[in-house]
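Participant: Here is what each chain is made of, one letter per residue.
Number of protein chains: 2
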Amino acid sequence: MPTVREASFDLFREQGMTTMFGNPGSTELPMLADFPSDFRYVLGLQEAVVVGMADGYAQASGRTTVANLHTAPGVGNAMGAIFNAQANHSPLLITAGQQARAQITLQANLTNRDAIRMPHPLVKWSYEPARAEDVPLALAHGAHLAGLPPKGPVFVSLPMDDWYAEVDEADAREAITRRVDGRAVADPAAVRVLADRLDAAANPVMIAGPDIDASDAWQDAIALAERQRLPVWATPAPGGGRLGFPENHPNYRGVLPPAIGPVGQTLEGHDLILVVGSSVFPYYPYIPGPLLPDGAKLVAITSDPDEAARAPMGDALVADVKLTLAALLEDLPESTRPAPEPNQGPQEIPPSDPLNPSTVHTALAEVFPEDGIVVLESPTSTLALRNQMRLSRPGSYYFAAGGGLGFGLAASVGVQLAQPDRPVVCVIGEGSVQYAVSAFWSAVAYKTPITFLVVRNEEYGILKWFAEVEQVEGAPGLDLPKLDVAAIAEGYGIAAHRVKDRDEVRDALSRSIASSQPELVEVPVAPGMALF
Amino acid sequence: MPTVREASFDLFREQGMTTMFGNPGSTELPMLADFPSDFRYVLGLQEAVVVGMADGYAQASGRTTVANLHTAPGVGNAMGAIFNAQANHSPLLITAGQQARAQITLQANLTNRDAIRMPHPLVKWSYEPARAEDVPLALAHGAHLAGLPPKGPVFVSLPMDDWYAEVDEADAREAITRRVDGRAVADPAAVRVLADRLDAAANPVMIAGPDIDASDAWQDAIALAERQRLPVWATPAPGGGRLGFPENHPNYRGVLPPAIGPVGQTLEGHDLILVVGSSVFPYYPYIPGPLLPDGAKLVAITSDPDEAARAPMGDALVADVKLTLAALLEDLPESTRPAPEPNQGPQEIPPSDPLNPSTVHTALAEVFPEDGIVVLESPTSTLALRNQMRLSRPGSYYFAAGGGLGFGLAASVGVQLAQPDRPVVCVIGEGSVQYAVSAFWSAVAYKTPITFLVVRNEEYGILKWFAEVEQVEGAPGLDLPKLDVAAIAEGYGIAAHRVKDRDEVRDALSRSIASSQPELVEVPVAPGMALF
Numbered sequence: 001m002p003t004v005r006e007a008s009f010d011l012f013r014e015q016g017m018t019t020m021f022g023n024p025g026s027t028e029l030p031m032l033a034d035f036p037s038d039f040r041y042v043l044g045l046q047e048a049v050v051v052g053m054a055d056g057y058a059q060a061s062g063r064t065t066v067a068n069l070h071t072a073p074g075v076g077n078a079m080g081a082i083f084n085a086q087a088n089h090s091p092l093l094i095t096a097g098q099q100a101r102a103q104i105t106l107q108a109n110l111t112n113r114d115a116i117r118m119p120h121p122l123v124k125w126s127y128e129p130a131r132a133e134d135v136p137l138a139l140a141h142g143a144h145l146a147g148l149p150p151k152g153p154v155f156v157s158l159p160m161d162d163w164y165a166e167v168d169e170a171d172a173r174e175a176i177t178r179r180v181d182g183r184a185v186a187d188p189a190a191v192r193v194l195a196d197r198l199d200a201a202a203n204p205v206m207i208a209g210p211d212i213d214a215s216d217a218w219q220d221a222i223a224l225a226e227r228q229r230l231p232v233w234a235t236p237a238p239g240g241g242r243l244g245f246p247e248n249h250p251n252y253r254g255v256l257p258p259a260i261g262p263v264g265q266t267l268e269g270h271d272l273i274l275v276v277g278s279s280v281f282p283y284y285p286y287i288p289g290p291l292l293p294d295g296a297k298l299v300a301i302t303s304d305p306d307e308a309a310r311a312p313m314g315d316a317l318v319a320d321v322k323l324t325l326a327a328l329l330e331d332l333p334e335s336t337r338p339a340p341e342p343n344q345g346p347q348e349i350p351p352s353d354p355l356n357p358s359t360v361h362t363a364l365a366e367v368f369p370e371d372g373i374v375v376l377e378s379p380t381s382t383l384a385l386r387n388q389m390r391l392s393r394p395g396s397y398y399f400a401a402g403g404g405l406g407f408g409l410a411a412s413v414g415v416q417l418a419q420p421d422r423p424v425v426c427v428i429g430e431g432s433v434q435y436a437v438s439a440f441w442s443a444v445a446y447k448t449p450i451t452f453l454v455v456r457n458e459e460y461g462i463l464k465w466f467a468e469v470e471q472v473e474g475a476p477g478l479d480l481p482k483l484d485v486a487a488i489a490e491g492y493g494i495a496a497h498r499v500k501d502r503d504e505v506r507d508a509l510s511r512s513i514a515s516s517q518p519e520l521v522e523v524p525v526a527p528g529m530a531l532f
Numbered sequence: 001m002p003t004v005r006e007a008s009f010d011l012f013r014e015q016g017m018t019t020m021f022g023n024p025g026s027t028e029l030p031m032l033a034d035f036p037s038d039f040r041y042v043l044g045l046q047e048a049v050v051v052g053m054a055d056g057y058a059q060a061s062g063r064t065t066v067a068n069l070h071t072a073p074g075v076g077n078a079m080g081a082i083f084n085a086q087a088n089h090s091p092l093l094i095t096a097g098q099q100a101r102a103q104i105t106l107q108a109n110l111t112n113r114d115a116i117r118m119p120h121p122l123v124k125w126s127y128e129p130a131r132a133e134d135v136p137l138a139l140a141h142g143a144h145l146a147g148l149p150p151k152g153p154v155f156v157s158l159p160m161d162d163w164y165a166e167v168d169e170a171d172a173r174e175a176i177t178r179r180v181d182g183r184a185v186a187d188p189a190a191v192r193v194l195a196d197r198l199d200a201a202a203n204p205v206m207i208a209g210p211d212i213d214a215s216d217a218w219q220d221a222i223a224l225a226e227r228q229r230l231p232v233w234a235t236p237a238p239g240g241g242r243l244g245f246p247e248n249h250p251n252y253r254g255v256l257p258p259a260i261g262p263v264g265q266t267l268e269g270h271d272l273i274l275v276v277g278s279s280v281f282p283y284y285p286y287i288p289g290p291l292l293p294d295g296a297k298l299v300a301i302t303s304d305p306d307e308a309a310r311a312p313m314g315d316a317l318v319a320d321v322k323l324t325l326a327a328l329l330e331d332l333p334e335s336t337r338p339a340p341e342p343n344q345g346p347q348e349i350p351p352s353d354p355l356n357p358s359t360v361h362t363a364l365a366e367v368f369p370e371d372g373i374v375v376l377e378s379p380t381s382t383l384a385l386r387n388q389m390r391l392s393r394p395g396s397y398y399f400a401a402g403g404g405l406g407f408g409l410a411a412s413v414g415v416q417l418a419q420p421d422r423p424v425v426c427v428i429g430e431g432s433v434q435y436a437v438s439a440f441w442s443a444v445a446y447k448t449p450i451t452f453l454v455v456r457n458e459e460y461g462i463l464k465w466f467a468e469v470e471q472v473e474g475a476p477g478l479d480l481p482k483l484d485v486a487a488i489a490e491g492y493g494i495a496a497h498r499v500k501d502r503d504e505v506r507d508a509l510s511r512s513i514a515s516s517q518p519e520l521v522e523v524p525v526a527p528g529m530a531l532f
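Protein sequences appear in the order of chains A and B.
The working numbering puts the first sequence at residues 1 to 532.
The working numbering puts the second sequence at residues 1 to 532.
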């Protein structure tokens, strides 16, 4: 009879989950024993890094991914990253070792005392099997559920002595080989109603969200916008973990502002607002106002029941984004509305010294390869990058949708491992680096040829901007003097380039992108927010 | 009428909580506005560092300490450190900002969606006030509860718009000025029964735990051991977050082994086992055997009801450790038992190249100042340090009782800030550093003259040792090549010294300890565990 370990690794193999991220402890050793040679174990030196890498890998590969953590303190260190994975709809099977069953009730050291409650409220499901022989079925349950809509992290706690138990071979085969498919198209009658509303609208608009990219629906979204002559806004940046529409497309308008009043104002004049693959809406600062322009109606298509339920306005269809867009297209004629005015492209940025972050992003845009991928965590220049680079290929942008820092640096390693042939540029602030800084070690250890572009402003710039919005003065802790990320990265073995003017930035980026090893380009930038 | 912010800072001031640790985000800015000049804000660059520093500060100062985090992702990043604080019985008032009340129900970005559940199961109490004007009372509740036995972390979630509300001045004064004292002596009748059992025992023994130090009971523990001629063991190292007995005392025997069978064997021959200020017991590897030697009885004194309730054997008194030891001493005569054989002192360590970690610790012992403090996170050499250094002053040793990594580096900064006149040496492995590496920045920014002693073995040595114990072969992720902590620390602005032989180690440590700035001494050591 196979052991729990053999059956579990068969499950992972059968389900295409052979790249595993982890930080091991004693409670995980029995799981990792005799690690099979067709699997890859990617070591992170802190659990926020482990889950961040797994999140990037899961999103960029489209596969449910295992992140293996060390009992309670390991899960604890990862909780911020699990928050991000939940917001990103990232399918993760998170496992953690647990004390031997004989020592759980007496709470020996490193017992995960309340293992099931530990990762709440950030996971879809959390479980510890009641018996050793149930471990493969529990892992199958978790793996399937993580990948079902809404995709997201699940957690299974695994007592360390369970791996040696034997399981019934026939039962195990049943559990291991199941296929579960959760993609479903919205009710054809509801799709027809939406098609009629859209076609009958005088001035409809589309809002493109991250789940267009996650469901591989770019072509459908473009076809819909073109056939119906829809102007298209990207969902507000805080929720835009991925891009759902080419930002150089003539119909593209820009990124919606992230507050209630300004969203309403921006959408004025539209009578029907179609939101695709986004929450409604990822607001951040509280600027009150009408939720919708006068007379406007809103319909959202989302695969996340909670996004549909919690929205403060509008109707929603809960179904797979791609399948439902495809069904909608079948019901929709070519519109006779005039095409939207073609978008103007990026604003010109006047020269400055030190460089404005926007200028840095123009330099990046100049050398950015066709198939490049940006992983972004530079809160002061998110909009500048979006506006200047106009990324326009699927799977070319990853950002922490929930607003938690620590995703970017770690996720870039996972994205590069999932897409080894596409150049990855991680654009990040020196403050953001610190939430997952040891990811530099993994970048080197796994020979990922990432380019890290550090925009260094010596402050938490977005907080100074918020302080102005919130009329706050005299708050401590907003400056970051002497935080020399280039030197720290060199300490981790990364070649770092310190550059100051735009030509140097462009050349250093060009060389780093072409290099086959991870390199870092550090640019001092002007303080403050870069919005354009 | 005072605002919520004014009343809350008056509370902190009145309760002696004027040093605050934090990593700010937009949701915390209104709290931090016009930060009062008699307060100190200590910035950490990742939340695991913030809580680790606060934990060290709280333990070394004896004061309940505020750690201010950034809504859900900030609390998430800190959860591993909160696990440690709980295990350490560290009194922390953890607060986090929350979205504006108007945007919580629609779950705007950075809403802490299930704020109260978020830090469970690691806190004693978790709360979000129902109205803005209740914030000062909620903070008072949390501050008092954190400091009551069993000490530990509590959590209060604070909507960002609450700080401007006004509170009733008289009500606020009542909440702000309360004094709550939870130290209580065990029932005199129960103390008398214990005194009689102890005096009547043929061969009693004492096990000293961390809460002797936390309750300032060293002199009582020493008096008890001497008056009753008790041999004294330290509680197993995984639970020994602090020292409860001088390790150079003639009655001191050593550190108990951490597994069931070996503890029983070690205590053979004793008929009464008195455990003071410890759980019974912080076991780690599962090595079965009788819980107690044949015929032995056990009594524990602890301030933690859960420690008392969950122990698998023995009786317990739940009360303040110091007061109860003092009461016990009043009831106890000088024993006529012979004094225990005086302990032998440290084992000699044969020379080696590279150095054995034990040899490194002999060098540290040679130059360690009388009033020095060790903060320890070197899993391969915990026992070597204990055995070689024989630390023998109260408040001179801090270690993560729960076994979670990431405490040591961060806590050393907090300990140094709480004890600015005592030299702090943080002894740490290069793997352990990575769980809270950005603490180096805070060490520099706040001019803490810590000596970081890095024992570099290029592996997770304790895991290789556990793999042998668990008969595991072929596990990945146990080696740490090219992890150059000295270079990383230099990147953060710390002067680093790379030394190899024992005299160099001693001299570098001597100079670093005397220096008024943080310095790091890195020593390559032989792989494997150092137990003596």
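Hints are computed from structural coordinates only; laboratory data are not their basis.
Accuracy of the hints is not assured; some may be wrong.
One copy or two, it doesn't matter: identical chains are merged, so the pair holds either way.
Stated by the list, open to error - SDA-like, lysine to any residue: derived pairs with alpha carbons at most 25 Å apart:
1) Lys482 <-> Tyr446
2) Lys500 <-> Asp353
3) Lys297 <-> Gly345
4) Lys464 <-> Tyr164
5) Lys124 <-> Ala495
6) Lys464 <-> Pro262
7) Lys464 <-> Gly474
8) Lys447 <-> Lys482
9) Lys464 <-> Pro305
10) Lys297 <-> Asp196
11) Lys482 <-> Ile494
12) Lys482 <-> Arg40
13) Lys464 <-> Arg101
14) Lys464 <-> Asp503
15) Lys464 <-> Ala33
16) Lys447 <-> Asp503
17) Lys297 <-> Arg229
18) Lys447 <-> Asp484
19) Lys464 <-> Pro188
20) Lys464 <-> Pro288
21) Lys464 <-> Ala311
22) Lys482 <-> Asn203
23) Lys500 <-> Asn343
Participant: Give a verdict on every hint.
Facilitator: Quick rundown of the hints versus the structure:
In this assembly of identical chains, the alpha carbons of Lys482 and Tyr446 lie at most 25 Å apart only when taken from different copies (12 Å versus 29 Å within one copy). For the identical chains of this complex, Lys500 and Asp353 are intra-copy neighbours only, at 8 Å inside a copy versus 46 Å across copies, given an alpha-carbon limit of 25 Å. Taking CA atoms no more than 25 Å apart as the test, Lys297 paired with Gly345 passes in neither setting, with 29 Å inside one copy and 81 Å between copies. In this assembly of identical chains, Lys464 and Tyr164 lie within 25 Å of each other by CA distance solely across copies; the values are 19 Å between and 55 Å within a copy.
In this assembly of identical chains, Lys124 and Ala495 lie within 25 Å of each other by CA distance neither inside one copy nor across copies; the values are 40 Å within and 46 Å between. In this assembly of identical chains, Lys464 and Pro262 lie within 25 Å of each other by CA distance solely inside one copy; the values are 21 Å within and 57 Å between copies. For a Cα distance limit of 25 Å, the shortest separation of Lys464 from Gly474 inside one copy, 10 Å, qualifies, whereas the shortest one across copies, 50 Å, does not. For the identical chains of this complex, Lys447 and Lys482 are inter-copy neighbours only, at 13 Å across copies versus 29 Å inside a copy, given an alpha-carbon limit of 25 Å.
Within a single copy, Lys464 and Pro305 get their C-alpha atoms no closer than 36 Å, and across copies no closer than 46 Å, so neither meets the 25 Å cut-off. Proximity of Lys297 to Asp196 under the C-alpha cut-off of 25 Å is restricted to the intra-copy arrangement: shortest distance 14 Å within a copy versus 82 Å between copies. In this assembly of identical chains, the alpha carbons of Lys482 and Ile494 lie at most 25 Å apart whether taken from the same copy (19 Å) or from different copies (11 Å). In this assembly of identical chains, Lys482 and Arg40 lie within 25 Å of each other by CA distance solely across copies; the values are 20 Å between and 38 Å within a copy.
In this assembly of identical chains, Lys464 and Arg101 lie within 25 Å of each other by CA distance solely across copies; the values are 22 Å between and 51 Å within a copy. Taking identical chains as interchangeable, the C-alpha atoms of Lys464 and Asp503 are never at most 25 Å apart, the minima being 29 Å within one chain and 50 Å between chains. In this assembly of identical chains, Lys464 and Ala33 lie within 25 Å of each other by CA distance solely across copies; the values are 12 Å between and 50 Å within a copy. Neither within a single protomer nor between protomers do Lys447 and Asp503 lie at most 25 Å apart by alpha-carbon distance, with minima of 28 Å and 38 Å respectively.
Taking the shortest alpha-carbon separations for Lys297 and Arg229, only the intra-copy value of 18 Å comes in at or below 25 Å, while the best inter-copy value is 84 Å. Taking the closest pair of Cα atoms, Lys447 and Asp484 come within 25 Å of each other both inside a single copy (23 Å) and across two copies (17 Å). For the identical chains of this complex, Lys464 and Pro188 are neighbours neither inside a copy (49 Å) nor across copies (59 Å), given an alpha-carbon limit of 25 Å. Taking the shortest Cα distances, Lys464 and Pro288 sit within 25 Å of each other inside one copy (21 Å), while across copies they are farther apart (58 Å).
In the homo-oligomer, the alpha carbons of Lys464 and Ala311 never lie at most 25 Å apart, since the shortest distance is 30 Å inside one protomer and 51 Å across protomers. With identical chains, the CA atoms of Lys482 and Asn203 are never at most 25 Å apart, being 52 Å at best within one copy and 60 Å at best between copies. Taking the shortest alpha-carbon separations for Lys500 and Asn343, neither the intra-copy value of 31 Å nor the inter-copy value of 64 Å comes in at or below 25 Å.
Taken one by one, the earlier hints fail for this structure at numbers 3, 5, 9, 14, 16, 19, 21, 22 and 23, listed in ascending order.
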